[in-house]
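There are 2 protein chains.
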Amino acid sequence: MAILYNSAHLYSVNRSGLPAGAKQQCVTTSLPEGFSAYVANVGIKDDTNDFTVVFARGNPTSAGVFTQSRFAGPSVVVSRPRRDKAHAIVVVSKNANVATGSQGLSDSKEITHLVAQRLGIADDNVLIATTGVIGRALPMELIRAGIAAMDGHNTTDADNVAHGIMTTDTVPKVASASIADSAARIVGVAKGVGMIEPNMATLIAMIFTDAAIDGADLDAILRTTVDQTLNCLSIDTDTSTSDTAIILSSGIIAAVGHAAFASALHEVLISLTQQIARDGEGAEKLIEVTVDGANNVAQAKRVAKSIVNSPLVKTAVHGADPNWGRVAMAIGKCSDDTDILQENVVIRFGSQEVYPNTVTASDLEQLSNYMRGDTVRIHVSLNISDATSTVWGCDLTAGYIRINADYTT
Amino acid sequence: MAILYNSAHLYSVNRSGLPAGAKQQCVTTSLPEGFSAYVANVGIKDDTNDFTVVFARGNPTSAGVFTQSRFAGPSVVVSRPRRDKAHAIVVVSKNANVATGSQGLSDSKEITHLVAQRLGIADDNVLIATTGVIGRALPMELIRAGIAAMDGHNTTDADNVAHGIMTTDTVPKVASASIADSAARIVGVAKGVGMIEPNMATLIAMIFTDAAIDGADLDAILRTTVDQTLNCLSIDTDTSTSDTAIILSSGIIAAVGHAAFASALHEVLISLTQQIARDGEGAEKLIEVTVDGANNVAQAKRVAKSIVNSPLVKTAVHGADPNWGRVAMAIGKCSDDTDILQENVVIRFGSQEVYPNTVTASDLEQLSNYMRGDTVRIHVSLNISDATSTVWGCDLTAGYIRINADYTT
Numbered sequence: 000m001a002i003l004y005n006s007a008h009l010y011s012v013n014r015s016g017l018p019a020g021a022k023q024q025c026v027t028t029s030l031p032e033g034f035s036a037y038v039a040n041v042g043i044k045d046d047t048n049d050f051t052v053v054f055a056r057g058n059p060t061s062a063g064v065f066t067q068s069r070f071a072g073p074s075v076v077v078s079r080p081r082r083d084k085a086h087a088i089v090v091v092s093k094n095a096n097v098a099t100g101s102q103g104l105s106d107s108k109e110i111t112h113l114v115a116q117r118l119g120i121a122d123d124n125v126l127i128a129t130t131g132v133i134g135r136a137l138p139m140e141l142i143r144a145g146i147a148a149m150d151g152h153n154t155t156d157a158d159n160v161a162h163g164i165m166t167t168d169t170v171p172k173v174a175s176a177s178i179a180d181s182a183a184r185i186v187g188v189a190k191g192v193g194m195i196e197p198n199m200a201t202l203i204a205m206i207f208t209d210a211a212i213d214g215a216d217l218d219a220i221l222r223t224t225v226d227q228t229l230n231c232l233s234i235d236t237d238t239s240t241s242d243t244a245i246i247l248s249s250g251i252i253a254a255v256g257h258a259a260f261a262s263a264l265h266e267v268l269i270s271l272t273q274q275i276a277r278d279g280e281g282a283e284k285l286i287e288v289t290v291d292g293a294n295n296v297a298q299a300k301r302v303a304k305s306i307v308n309s310p311l312v313k314t315a316v317h318g319a320d321p322n323w324g325r326v327a328m329a330i331g332k333c334s335d336d337t338d339i340l341q342e343n344v345v346i347r348f349g350s351q352e353v354y355p356n357t358v359t360a361s362d363l364e365q366l367s368n369y370m371r372g373d374t375v376r377i378h379v380s381l382n383i384s385d386a387t388s389t390v391w392g393c394d395l396t397a398g399y400i401r402i403n404a405d406y407t408t
Numbered sequence: 000m001a002i003l004y005n006s007a008h009l010y011s012v013n014r015s016g017l018p019a020g021a022k023q024q025c026v027t028t029s030l031p032e033g034f035s036a037y038v039a040n041v042g043i044k045d046d047t048n049d050f051t052v053v054f055a056r057g058n059p060t061s062a063g064v065f066t067q068s069r070f071a072g073p074s075v076v077v078s079r080p081r082r083d084k085a086h087a088i089v090v091v092s093k094n095a096n097v098a099t100g101s102q103g104l105s106d107s108k109e110i111t112h113l114v115a116q117r118l119g120i121a122d123d124n125v126l127i128a129t130t131g132v133i134g135r136a137l138p139m140e141l142i143r144a145g146i147a148a149m150d151g152h153n154t155t156d157a158d159n160v161a162h163g164i165m166t167t168d169t170v171p172k173v174a175s176a177s178i179a180d181s182a183a184r185i186v187g188v189a190k191g192v193g194m195i196e197p198n199m200a201t202l203i204a205m206i207f208t209d210a211a212i213d214g215a216d217l218d219a220i221l222r223t224t225v226d227q228t229l230n231c232l233s234i235d236t237d238t239s240t241s242d243t244a245i246i247l248s249s250g251i252i253a254a255v256g257h258a259a260f261a262s263a264l265h266e267v268l269i270s271l272t273q274q275i276a277r278d279g280e281g282a283e284k285l286i287e288v289t290v291d292g293a294n295n296v297a298q299a300k301r302v303a304k305s306i307v308n309s310p311l312v313k314t315a316v317h318g319a320d321p322n323w324g325r326v327a328m329a330i331g332k333c334s335d336d337t338d339i340l341q342e343n344v345v346i347r348f349g350s351q352e353v354y355p356n357t358v359t360a361s362d363l364e365q366l367s368n369y370m371r372g373d374t375v376r377i378h379v380s381l382n383i384s385d386a387t388s389t390v391w392g393c394d395l396t397a398g399y400i401r402i403n404a405d406y407t408t
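Here the protein sequences line up with chains A and C, keeping their order. 0 is the number of the first residue of the first sequence in numbering that gives the first Met the number 0; add one for each residue after it. 0 is the number of the first residue of the second sequence in numbering that gives the first Met the number 0; add one for each residue after it.
If we strip away everything but chain A, and leave its shape as in the complex, we get (with noise of 0.2 Å):
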């Protein structure tokens, strides 16, 4: 068995910030209790493991958000009206199953439906989320077969469960917090390297708990917490045809207190939403923008997006260049937002000021050591009210363009 990174407890050691050198970090994560899953290598693609089923014991409730493309793929519409039903979810990684038409919704469900038996559950207690290319037919006669081979779990890791997921990941996406005032956690997994500006849903992620509460009260907290942390992503500004988060309780361990589970799910995705973005194609940095002073948070968003998806702020970072201009620049293009003074507005790198106030010399070498870190933060004041935002995203480079040129069709 593999011993991979686990963020969720480095990032609980440095709860403001990000977990530095994680990747050198070796710990493991199991799944939360009443949860086992079967992860293989059917045949998709390669030999990695393409195949993976997670499920619950118990009495399980669940919620799930899906992306609003409107090329969303078969496995999203099989899944979408039974989010709050899910016992398991299945994962086919490496092929999407998107934009194939009636064979592609008639492979998703014959999956979903095959799982089903082999669980001996019903047909709507199966989830599906497929992930990779877009526009091929499934290999069914590859995924039948393995699935008549799937006999009961193979695994409890939730680091098994993240590696299977994967497509381009460089690495397993795991986090974990525990409930406060109960032995109940929550873990969740996620995968997503491009292709990621998630729109009132967001890419893949599972959540594992086994706290004990109900469907209606999960989807709320589900969605409110999306909205600030997946939601907040933007690797490429590309929102993807799959994106699917659903989150699956066992309810083993009872009655927890709903703002303690909705601040440990927070913590569970605001570390994979940093750990995607440092994985985005291509990054060597993570950056993270933070609006305060707006209007109001739909305006403080809309302003951190457009400077964290400005190509042209995502190269400065990349160059290391405090290159406040272009932060202006991608502040100035919210042309709607005529309530933005720009003899209000001052722009931070870090805790260094860089407009109105001008940096000094001895600033400035201060100021190109940050820059040349693995995390710069832009910190915006619009100065017109109290509403705050903070996005996620990451660097541009000749990596990004060199894996995207070449990946397949």
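Please note that the accuracy of each hint is not assured.
[Said to hold, decoys possible] Stretches of chain A that chain C covers, calculated by requiring three or more beta carbons in the stretch to come under 8 Å of a beta carbon on chain C:
# : region
1 : 36-45
2 : 140-152
3 : 237-249
4 : 313-324
In short, the hints are calculated from the structure, not lab data. Every residue gets a Cβ at the ideal spot worked out from N, C-alpha and C, and that includes glycine.
Once you have looked at the hints, place chain C on chain A.
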């Protein structure tokens, strides 16, 4: 005097297409009747020309459109209210004079005042555009000395003007057209390679005509035409703080038909738009996206922009990969357009349908050859109604990263 590339001439040879092999062509373009220019180096950054004044004799009329940026530069602030009074336009290149506060405003005003004195016209008759790095004060002593040295005009060559306003452009952009049933001409020059997604405005473009046409008509025709040309352009989704397009008529040649004038202006601006897209930072290919069958033009343009701005589409084009799944994704992320149904959409590269019909093996080879060309057309039919829009952009390359990760602060 440099002998320079003029695409307008070539464009008129092949109206539907682009100036193939344009960089090899050598033609010169004179300014229209009644125009002269002064182009010089005043030492803003290096020894290339950085100070340009174009002025019209006769009884000029003018119109202009400007950036909507909330960080609009002082030169935009000075020029906007004078847009219908211009006799002359000053362009300072290599320094944008943006985010420079009250000093920047007073500098832009002083430059127009000094130039107005030299030309013997009112301050209000002089417009100014500045372009280059953001956040640095203009070197006013050098500029004052440069204006003092200005002694009448030194060129009537539009290519010299186009050269004078360049920053990191690799080729000057000039286009000209004659007006049907008239001796009058329209000549346009433009600059811009990055920070380009004009929004209700544009980058720096100057259009000169000797056709007599009153200011209100000029304004209406300019706005309509810019909306179909320069506003359909995106290099990198970033909107400049300095976007300025000005049209100036010397009125020497009387009585042109408005339709003929609008048609010639459209021809000039389409050519400049395509020249700018092709010279986008690091660009190796021009991408033209046409969306038809839309419910309205705004929807067609929104979907087309989503495609031409997608970094995954741009990198696929760079890699000559007919990865239509990414085009489907980019259409899909227009999630508010709920009348877009994936089962009704048709996607083509060039004339080759790739979705929903599958590409045969022999078609695929032809398609790969097409994708390796220097112009890639993507054609999407939404099959909702009959509105159409065409937009232009370029591929995303390691050159873009190199240029922008190295650019100065």
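Query raised in the report: If you look at each residue in the region 140-152 of chain A, do at least three have a Cβ nearer than 8 Å to any Cβ of chain C?
Result: violated (count 0)
Query - Proximity test - 8 Å, beta-carbon atoms, the region 237-249 of chain A to chain C, at least three hits - result: Coverage by chain C holds for the region 237-249 of chain A (4 residues, Cβ < 8 Å).
Query raised in the report: the region 36-45 of chain A covered by chain C? Criterion: 3 or more residues, Cβ-Cβ distance below 8 Å.
Result: violated (count 0)
Query raised in the report: Holds or violated: the region 313-324 of chain A covered by chain C, criterion of 3 or more residues with Cβ-Cβ distance under 8 Å?
Result: holds (count 9)
Comparing the model with each earlier hint shows violations of hints 1 and 2; every other hint is respected.
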